[in-house]
Amino acid sequence: MILTNIESVPGKKIVEHFGIVSGSTVRAKHVGRDFMAGLKNIVGGELKGYTELLHDSRQQATDRMIEQARELGANAIINVRFATSSVAQGASELYVYGTAVRVE
Amino acid sequence: MEELIIIIVLIAIGYFFGSYAEAKHYRAIAHWERLLLKLPVVTSKNMLDPDREIEKAALVTGNVVVSIDYFKRFLAILRNLFGGQVKSYESLVDRARREAIIRMKKQAGRRTDIILNLRIETTTIGRNANQDKGIGSIEAIAYGTAVTYRKTDEIHP
Numbered sequence: 001m002i003l004t005n006i007e008s009v010p011g012k013k014i015v016e017h018f019g020i021v022s023g024s025t026v027r028a029k030h031v032g033r034d035f036m037a038g039l040k041n042i043v044g045g046e047l048k049g050y051t052e053l054l055h056d057s058r059q060q061a062t063d064r065m066i067e068q069a070r071e072l073g074a075n076a077i078i079n080v081r082f083a084t085s086s087v088a089q090g091a092s093e094l095y096v097y098g099t100a101v102r103v104e
Numbered sequence: 001m002e003e004l005i006i007i008i009v010l011i012a013i014g015y016f017f018g019s020y021a022e023a024k025h026y027r028a029i030a031h032w033e034r035l036l037l038k039l040p041v042v043t044s045k046n047m048l049d050p051d052r053e054i055e056k057a058a059l060v061t062g063n064v065v066v067s068i069d070y071f072k073r074f075l076a077i078l079r080n081l082f083g084g085q086v087k088s089y090e091s092l093v094d095r096a097r098r099e100a101i102i103r104m105k106k107q108a109g110r111r112t113d114i115i116l117n118l119r120i121e122t123t124t125i126g127r128n129a130n131q132d133k134g135i136g137s138i139e140a141i142a143y144g145t146a147v148t149y150r151k152t153d154e155i156h157p
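From first to last, the protein sequence lines stand for chains A and B.
The opening position of the first sequence corresponds to residue 1 in our numbering, with each subsequent residue numbered one higher.
The opening position of the second sequence corresponds to residue 1 in our numbering, with each subsequent residue numbered one higher.
Don't read these hints as lab results, they were simulated from the structure.
For glycine and all other residues, C-beta sits at the position ideal for the given N, C-alpha and C.
Warning: the hint list may mix true and false statements.
Heads up, simulated BS3-like pairs for lysine-lysine below, C-alpha to C-alpha not over 25 Å straight-line [claimed, not checked]: (1) A:K48 <-> B:K24; (2) B:K45 <-> A:K12; (3) B:K24 <-> B:K38; (4) A:K48 <-> B:K106; (5) B:K45 <-> B:K56; (6) B:K87 <-> B:K24; (7) B:K151 <-> B:K45; (8) B:K56 <-> B:K106; (9) B:K151 <-> B:K87; (10) A:K13 <-> B:K151; (11) B:K151 <-> A:K12; (12) B:K45 <-> B:K106; (13) B:K56 <-> A:K12; (14) B:K151 <-> B:K38; (15) B:K38 <-> B:K56; (16) B:K106 <-> B:K38; (17) B:K24 <-> B:K151; (18) B:K56 <-> B:K24; (19) B:K45 <-> A:K13; (20) A:K13 <-> B:K56.
Some chain A residues well away from chain B (every beta-carbon gap over 12 Å; in silico) [claimed, not checked]: (21) V15; (22) F18; (23) G19; (24) L47; (25) Q59; (26) R64; (27) E67; (28) R70; (29) E71; (30) G73; (31) S86.
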């Protein structure tokens, strides 16, 4: 599966469009991580636990989107966009969407 | 009284360790930016060389969560009283975005020739973040399309 965030797949010709595909996941942090992050908040700097958590969640959302595209018979997704929103205290939603296409 | 002492101690810890960590982070950013300087990143979508054949195109991403220290948060609260430029938060978002771009470039790898249509998004996260004291930690994500040209010398060695 080829993913791009521009209107085409460079070097390939689009032969069929399948419309929008998307994937989302809602994640909350666990207490231990939150506690460590609270401590790290005092001195500042990167919160590695959160970085990994968000990275993994985004990966999961992307996998769901790819699964959906594969069911439609697509082999590429163009114009991929990421969006993040906090739905509740301590939980955030990661949303990925794009256009499923078939390329030669 | 005891609470006041705790707050003062936290601010002092934040000041010393926070400035040290920030200086260290900026050194690391400068180092990596120099190393990755040869890989161009553009926000344009059509910057490809039409004469060269394309081998691969793929989505690359990089993300980072950075938190502010207690001292700077305190400064920002004071700044809120008078208004104006909040320098302590400027360095926070600057660090996050530059680090995210570096990670994206690292993911693209050495063979990549250009990254098209760079997008950067920033969100506030964390339970401590959105409480009355304002933004505490932010996430920056950078993503784009990495394009690799077919190397002619590989076909005819």
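To see whether the hints hold, each was checked on the structure:
Simply put, K48 of chain A and K24 of chain B have alpha-carbon atoms about 16 Å apart, close enough for the 25 Å limit, and the pair holds. The suggested pairing of K45 of chain B with K12 of chain A holds, with an alpha-carbon distance near 15 Å, which does not exceed 25 Å. The hinted pair formed by K24 of chain B and K38 of chain B meets the criterion: a straight-line CA distance of about 23 Å does not exceed 25 Å. Distance hint between K48 of chain A and K106 of chain B is fulfilled; the C-alpha atoms sit about 17 Å from each other, no more than 25 Å.
Taking the CA atoms of K45 of chain B and K56 of chain B, the gap is near 16 Å; set against the 25 Å cutoff, the hint holds. Distance restraint check for K87 of chain B and K24 of chain B: the Cα-Cα separation of roughly 18 Å lies within the 25 Å cut-off, and the hinted pair is therefore satisfied. Taking the CA atoms of K151 of chain B and K45 of chain B, the gap is about 22 Å. The hint holds against a cut of 25 Å. Annotation: proposed proximity of K56 of chain B to K106 of chain B holds, straight-line Cα distance about 17 Å (limit 25 Å).
Between K151 of chain B and K87 of chain B the CA atoms are separated by roughly 46 Å; this puts the pair beyond 25 Å, and the hint is violated. Between the alpha carbons of K13 of chain A and K151 of chain B the distance comes to roughly 21 Å, so the proposed pair stays at or under 25 Å and holds. Between K151 of chain B and K12 of chain A the alpha-carbon distance is near 17 Å, which keeps this suggested pair within the 25 Å criterion. Distance hint between K45 of chain B and K106 of chain B is fulfilled; the C-alpha atoms sit about 21 Å from each other, no more than 25 Å.
Restraint check for K56 of chain B and K12 of chain A: satisfied, since their Cα atoms lie roughly 10 Å apart, inside the 25 Å limit. Straight-line distance between C-alpha atoms of K151 of chain B and K38 of chain B comes to about 17 Å, which keeps the hinted pair within the 25 Å bound. Straight-line distance between C-alpha atoms of K38 of chain B and K56 of chain B comes to about 19 Å, which keeps the hinted pair within the 25 Å bound. For the hint pairing K106 of chain B with K38 of chain B, the CA-to-CA distance comes to about 12 Å; that is within 25 Å, so the pair holds.
Straight-line distance between C-alpha atoms of K24 of chain B and K151 of chain B comes to about 38 Å, which puts the hinted pair past the 25 Å bound. Distance restraint check for K56 of chain B and K24 of chain B: the Cα-Cα separation of roughly 36 Å exceeds the 25 Å cut-off, and the hinted pair is therefore not satisfied. Distance restraint check for K45 of chain B and K13 of chain A: the Cα-Cα separation of roughly 16 Å lies within the 25 Å cut-off, and the hinted pair is therefore satisfied. Using a Cα cut-off of 25 Å, the hinted pair K13 of chain A and K56 of chain B holds, with the two alpha carbons roughly 13 Å apart.
In this structure V15 of chain A is separated from chain B by more than 12 Å, as the shortest Cβ-Cβ distance comes to about 16 Å. For F18 of chain A, the non-interface assignment is confirmed: its Cβ lies about 18 Å from the closest Cβ of chain B, beyond the 12 Å cut-off. For G19 of chain A, the condition that its CB be more than 12 Å from all CB atoms of chain B holds, with the nearest at approximately 19 Å. A Cβ of chain B approaches the Cβ of L47 of chain A within 12 Å, the least distance being about 5 Å, so the stated non-interface status is violated.
For Q59 of chain A, the shortest C-beta to C-beta distance to chain B comes to about 9 Å, within the 12 Å cut-off, and the non-interface label is violated. The claim that R64 of chain A is not at the interface with chain B holds, since no C-beta of that chain comes within 12 Å of its own (minimum 15 Å). The Cβ of E67 of chain A lies farther than 12 Å from every Cβ of chain B, with a closest approach of about 16 Å, so its non-interface assignment holds. With 12 Å as the threshold on Cβ separation, the claim that R70 of chain A sits away from chain B holds: the shortest Cβ distance comes to roughly 16 Å.
Every CB of chain B is more than 12 Å from the CB of E71 of chain A (nearest about 20 Å), matching its label as outside the interface. With a cut of 12 Å on Cβ distances, G73 of chain A stays outside the contact zone with chain B, its closest approach being about 20 Å. The beta carbon of S86 of chain A is not kept farther than 12 Å from every beta carbon of chain B, the shortest such distance being approximately 7 Å.
Hint compliance for this structure: hints 9, 17, 18, 24, 25 and 31 are not met, and every other hint is.
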